[in-house]
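Number of protein chains: 4
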Amino acid sequence: MIIVFRPDATPQQIDHVAEKVREWGLKTNISRGAERTLIGVIGDEAKVRAKPLEVFPGVEAVMPVLKPYRLVSAEARSERTRITLPGPPGATPVVIGGPRVVVIAGPCSIESREMLMEVGRIARDGGAQILRAGAFKPRTSPYAFQGHGVRGLKYLAEARLELCMPVVTEVMDTRDAELVGEAADMLQIGARNMQNFTLLKAVGRLRKPVLLKRGLSSTLEELLMCAEYLMSAGCHDVLLCERGIRTFEPMTRNTLDLSAIPVLKRESHLPVLADPSHGTGHWDLVGPMARAAVAAGADGITLEIHPRPEEAFSDGPQALLPKTYRELVKSMAAVAAAVGRSL
Amino acid sequence: MIIVFRPDATPQQIDHVAEKVREWGLKTNISRGAERTLIGVIGDEAKVRAKPLEVFPGVEAVMPVLKPYRLVSAEARSERTRITLPGPPGATPVVIGGPRVVVIAGPCSIESREMLMEVGRIARDGGAQILRAGAFKPRTSPYAFQGHGVRGLKYLAEARLELCMPVVTEVMDTRDAELVGEAADMLQIGARNMQNFTLLKAVGRLRKPVLLKRGLSSTLEELLMCAEYLMSAGCHDVLLCERGIRTFEPMTRNTLDLSAIPVLKRESHLPVLADPSHGTGHWDLVGPMARAAVAAGADGITLEIHPRPEEAFSDGPQALLPKTYRELVKSMAAVAAAVGRSL
Amino acid sequence: MIIVFRPDATPQQIDHVAEKVREWGLKTNISRGAERTLIGVIGDEAKVRAKPLEVFPGVEAVMPVLKPYRLVSAEARSERTRITLPGPPGATPVVIGGPRVVVIAGPCSIESREMLMEVGRIARDGGAQILRAGAFKPRTSPYAFQGHGVRGLKYLAEARLELCMPVVTEVMDTRDAELVGEAADMLQIGARNMQNFTLLKAVGRLRKPVLLKRGLSSTLEELLMCAEYLMSAGCHDVLLCERGIRTFEPMTRNTLDLSAIPVLKRESHLPVLADPSHGTGHWDLVGPMARAAVAAGADGITLEIHPRPEEAFSDGPQALLPKTYRELVKSMAAVAAAVGRSL
Amino acid sequence: MIIVFRPDATPQQIDHVAEKVREWGLKTNISRGAERTLIGVIGDEAKVRAKPLEVFPGVEAVMPVLKPYRLVSAEARSERTRITLPGPPGATPVVIGGPRVVVIAGPCSIESREMLMEVGRIARDGGAQILRAGAFKPRTSPYAFQGHGVRGLKYLAEARLELCMPVVTEVMDTRDAELVGEAADMLQIGARNMQNFTLLKAVGRLRKPVLLKRGLSSTLEELLMCAEYLMSAGCHDVLLCERGIRTFEPMTRNTLDLSAIPVLKRESHLPVLADPSHGTGHWDLVGPMARAAVAAGADGITLEIHPRPEEAFSDGPQALLPKTYRELVKSMAAVAAAVGRSL
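Chains as they are written, first to last, in this note's numbering: chain A, 1 to 343; chain B, 344 to 686; chain C, 687 to 1029; chain D, 1030 to 1372.
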């Protein structure tokens, strides 16, 4: 950490800060330049990160040198994390983060048991390795369909066995964490709950794989810090998911920030997913952006399917028709091959 | 609601949509222009709002005519809502939303019983009518101070009695909602939890006053929809709080969007608060922005105070020194008088 | 266009607006709903677009039904535009917007005649069909290198002949438009000048191909309206370029909005380019994002090369080394093939 | 400047950078911490600011310590700049940046000679000290009214004499700079041209006062760097203007960032203006935000007036009626008095 002093800082002010830093158990390296005096803090930066150094008289700026994340950092592990979902008895285990790009597909929300089975079968037969479907739905309006809740979880557990594939579903409430953890192979933390820190701690303690979606206005550093919450609570298998950020552009629902993929893979050892359905909000943009995400190095793609989007309970405009979905998976496979991976 | 068709939409496609709308119990008004055909939907727009009309073949765009909020809407009540906090026995009740601008002040987090009493006394004696202090703290890093939790709530209940003034504190977990509701006169939903819909429902059911902070990237419509969650769950006293949004500007922690104040007061009957401490992140900007918020019509201002910011456990850089705080309240009173209010 | 009235609008107010609309030569369709009265405006919407209908008493909102762009609109032409650059005598003409994805490469700025020739040769031999290089450089600081100006143009004209390939370079001033138009096969309007309307008119009148970069905070509609400026001034060959927008994310210089590619190709008949060098600002992100842009459907990619980035006069951090550039073009070709195109 | 090395940087890489820095005429202070090695660069930071240090092998990050602006910096002058506009013969000179808050008012665009005189008289009699009106208008659409140009300038020069007050108007093209400089007491650089660097240089060389508007997506540092362009070209009197930035919020045209006022006054000695008309885009929000800007410390406020907004050629929705304007100026005077200033 570097502490920069104002040009008018007095020697007393500079000494006062230096003494404090040494009190906290670190060393100081004072450098007096032509225009500014600096203190370089030597030692465990984490010890001073939370200290309000900006408020000490004479201090102009405080510049951290190290990243605030540790466990999730690429420096923390020599190898990339691979998440293995064994799935239900008899299923082929799915590995996320290896050479194969994983497709996670299903309906936005579980509308009924039959609908879930129908879409799940379409997803699986079209190439998906993991089934996704929402039992608890975060909705902007209190008057919109809020999901079938516990009943939806039950249907999901049944679909998991019947389709013989692992499932992932969202958890929104600390009180539901265990229940969701029992029903699903992987728990999803949604974008609106990314910084719901009590939920992160409760879910992290389950030690099950977690799919963590980037918040609509969260920086990549904040996303990594939320993964750090999960890892520090005991969860080793975190899948980071870019799903679009909020910008000024109205023609898309969100702006899918694909550069997040190479940045996250450089900064962290965790695998990275892209969600072009929520990222664009329009089914006709899902295909180009799904292919682009594979080309950018995504370890997986999540897709929403609906056989009759006109009747969808939620997010119909971004759902793919079964035929479009199947063709998209094929074209994603071609792009995966072009960048040295398979699907 | 207006449904706009593509120029190449067929009569069959247009009829199909019109029939569906009539099936849902609404009337249609078809208008064939030179370049586009439109269907005007007549009747209760809420019935079709959640329908995925955009995915019907031939449809180019769907434009809602009405706002999605009802209970919070200025149209829903002829008078502005005034929230009354009776406070502890013997206290003067505080009214938010009336002619008097309310000051809510205190430390960012409850660091100890003594510190809370010290800062609470400074807050009260300097002009604050409501004490704020955090027991549960949302922190970006899992390694930062997370608040004293239940012990903090106990201190807060004691300060409430001792200082004889109402208190507000943040609730972060549905499991803590009742406990926080017992300790505090008003519950705060923080910016990161604004769209934590399960928390909104749980807190709304307590029917206690709620201070709802705008999310970092939430539109004003989304903020109002979250207030609608609270009201539809039974809470009548919601205080909306602008606390800065996320933009590209790095010189301030957030961008305090003061235009939210007149917009929210036009759209809704609920009172509006501004938080210049979080909104700017720097103590030297808090004063100008607090005065500006009063001039823009805020019904209250929330301020963070710390007698020794150098030792603050959290958010030291934005805390006011006691002397600065007292002078600020005086200057805010002058501005309040200039716009026809008192403080 | 739909005019929505407030619930308390009087019949006189509604009639007043309807009369005005008819005065302007359009027809009206009045629809009285349960909660709002609407006027549908029938006829040439462009006639009323600029009228300040929002300020008429009783009006709540005005919703345009048609897009404000005409000449650039996909509806305006049955075929996609292909821009042909014949290049210097003896060169193979380059077609942009056809099945082949075009590579436009070169140095950020023309540092010297020798350097331009060196990098131009690397660009051409590595697969680029068009040479890019800046003679006039927009720089954030007045103390930074501002480009060699007219001397740079001269070098560029020489490189064009010597390397026998078309060139594109930026024009920043109306006074230079003709000169740049004589030296280059295509003129570039930079992101900071996207809404420099006098420059757009001056350049459009030259009737030469123009590469128009999206402004840092411009919507896609605004980008298309700037292309409309060029086309309405006489220029038929406009190449739209996504180069990153400004968001809150600090880990990349800008956020490359790749969803702009499918959106622009849906809205307009003009070809679309992506600039991953400026869009990310870091050479190690250029490769993944260039491949992603090709997968998303870009008609061309622009790349910055520098043989010795340590000595670059500008934008060194985003320049590719010659070897990295050559490998990238190969991998882009593989992705192009995967999506049914060539490179 | 601090250069941070990756944990795996070799001693050779570190030495190579240190040697380069010394070659450029600066001293180095190498500090080897537990996790990172740093080089502190001692001497004139401006010499290395433009060097692409990030691309040197082994370098992780480069952190400037000093601000990139010099002439505009608060450190550059011991006193705040006051801009004096003498105005036409017989006029009372207007001082911007002193104790008095200045009102700059007029129509958005000059629609006719009569209309300009009418609105100018309303502006002056209602309290404005400077007349504003646009002859050259930047418009999103090429089909919208583009201003009367040179004829408008002529009307403005006449209004200046007749109303006996200084005038300010926008210049959009380097070719018009001298002409506008002859007609007006102060030249305005609009938001869309803030980073039109050739225009900044041309206008700066006129050495006349300049009103520089912040770009829609420009940081405050970038705004100050554009003021630096003007000052380094010879202009000493630059008035910085906050006019709203682009965010995700759709209920206002832009987000007026009032915290820019105290930040700019801390960073620079130049006076600061606020434009609540463009900043909000709605006349009913102009009043609250104008008062808020005065409370936040603005040295001036710019307002748009139209006697018949229904007939305005441009920006009607944000224009104030004469009566509203007069009342607003009175309430702004009350707020100015509350913060120790006059109007």
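Keep in mind the hints are simulated off the structure, nothing from the lab. A virtual CB, placed ideally from N, CA and C, is assigned to each residue, including glycine. A couple of the hints might just be wrong.
[Stated by the list, open to error] Some, not all, of what chain B presents toward chain C, calculated at C-beta under 8 angstroms:
1) VAL347
2) PRO350
3) ASN372
4) SER374
5) GLY376
6) LEU381
7) GLY383
8) ILE385
9) GLY386
10) MET406
11) VAL408
12) LEU414
13) GLU501
14) ARG589
15) PHE591
16) MET594
[Claimed, not checked] List time: in silico DSSO-like cross-link candidates among lysine-lysine, alpha-carbon distance up to 27 angstroms:
17) D:LYS1230 with C:LYS840
18) D:LYS1080 with D:LYS1056
19) D:LYS1230 with C:LYS887
20) B:LYS394 with A:LYS323
21) A:LYS67 with D:LYS1080
22) B:LYS666 with A:LYS20
23) B:LYS410 with C:LYS753
24) A:LYS27 with D:LYS1080
25) B:LYS673 with A:LYS154
26) C:LYS737 with B:LYS410
27) D:LYS1183 with D:LYS1080
28) B:LYS497 with B:LYS410
29) C:LYS1009 with D:LYS1049
30) D:LYS1049 with D:LYS1080
31) B:LYS394 with A:LYS51
32) C:LYS737 with D:LYS1352
33) D:LYS1076 with D:LYS1049
34) D:LYS1359 with B:LYS673
35) C:LYS706 with C:LYS737
36) A:LYS330 with C:LYS1016
37) A:LYS201 with B:LYS394
38) A:LYS201 with B:LYS544
39) A:LYS67 with A:LYS47
40) C:LYS706 with D:LYS1096
Quick rundown of the hints versus the structure:
1. VAL347: holds, 5 angstroms
2. PRO350: holds, 6 angstroms
3. ASN372: Because about 5 angstroms separates ASN372 (chain B) from the closest Cβ in chain C, which is inside the 8 angstroms limit, the hint holds.
4. SER374: holds, 5 angstroms
5. GLY376: Hint holds; GLY376 (chain B) Cβ to chain C Cβ min 5 angstroms, cut 8 angstroms.
6. LEU381: Check passed: Cβ of LEU381 (chain B) comes within 6 angstroms of chain C, closer than 8 angstroms.
7. GLY383: holds, 5 angstroms
8. ILE385: This interface hint holds because 5 angstroms falls under the 8 angstroms limit.
9. GLY386: Cβ of GLY386 (chain B) sits 6 angstroms from chain C, so the hint holds.
10. MET406: holds, 5 angstroms
11. VAL408: holds, 5 angstroms
12. LEU414: Violated: closest Cβ of chain C sits about 15 angstroms from LEU414 (chain B), beyond 8 angstroms.
13. GLU501: violated, 40 angstroms
14. ARG589: Status holds, d = 5 angstroms.
15. PHE591: holds, 5 angstroms
16. MET594: Constraint on MET594 (chain B) not satisfied, violated at 13 angstroms.
17. D:LYS1230 with C:LYS840: holds, 23 angstroms
18. D:LYS1080 with D:LYS1056: OK: LYS1080 (chain D) and LYS1056 (chain D) at ~15 angstroms, within 27 angstroms.
19. D:LYS1230 with C:LYS887: holds, 21 angstroms
20. B:LYS394 with A:LYS323: Holds, at roughly 22 angstroms.
21. A:LYS67 with D:LYS1080: holds, 24 angstroms
22. B:LYS666 with A:LYS20: Given pair LYS666 (chain B), LYS20 (chain A) holds - Cα atoms ~24 angstroms apart, limit 27 angstroms.
23. B:LYS410 with C:LYS753: Given pair LYS410 (chain B), LYS753 (chain C) holds - Cα atoms ~23 angstroms apart, limit 27 angstroms.
24. A:LYS27 with D:LYS1080: It is violated: about 31 angstroms lies between the C-alpha atoms, which goes past 27 angstroms.
25. B:LYS673 with A:LYS154: violated, 60 angstroms
26. C:LYS737 with B:LYS410: holds, 24 angstroms
27. D:LYS1183 with D:LYS1080: Violated, at about 48 angstroms.
28. B:LYS497 with B:LYS410: At roughly 42 angstroms apart (the allowed maximum being 27 angstroms), LYS410 (chain B) and LYS497 (chain B) break the hint.
29. C:LYS1009 with D:LYS1049: OK: LYS1009 (chain C) and LYS1049 (chain D) at ~24 angstroms, within 27 angstroms.
30. D:LYS1049 with D:LYS1080: holds, 10 angstroms
31. B:LYS394 with A:LYS51: violated, 51 angstroms
32. C:LYS737 with D:LYS1352: holds, 22 angstroms
33. D:LYS1076 with D:LYS1049: Measuring from Cα to Cα gives roughly 12 angstroms; hence the hint holds.
34. D:LYS1359 with B:LYS673: Holds, at about 22 angstroms.
35. C:LYS706 with C:LYS737: It holds: about 10 angstroms lies between the C-alpha atoms, which stays within 27 angstroms.
36. A:LYS330 with C:LYS1016: holds, 22 angstroms
37. A:LYS201 with B:LYS394: violated, 36 angstroms
38. A:LYS201 with B:LYS544: Satisfied, since the Cα-Cα distance of roughly 21 angstroms is no more than 27 angstroms.
39. A:LYS67 with A:LYS47: At roughly 13 angstroms apart (the allowed maximum being 27 angstroms), LYS47 (chain A) and LYS67 (chain A) satisfy the hint.
40. C:LYS706 with D:LYS1096: violated, 55 angstroms
Of the numbered hints listed earlier, those contradicted by the structure are 12, 13, 16, 24, 25, 27, 28, 31, 37, 40.
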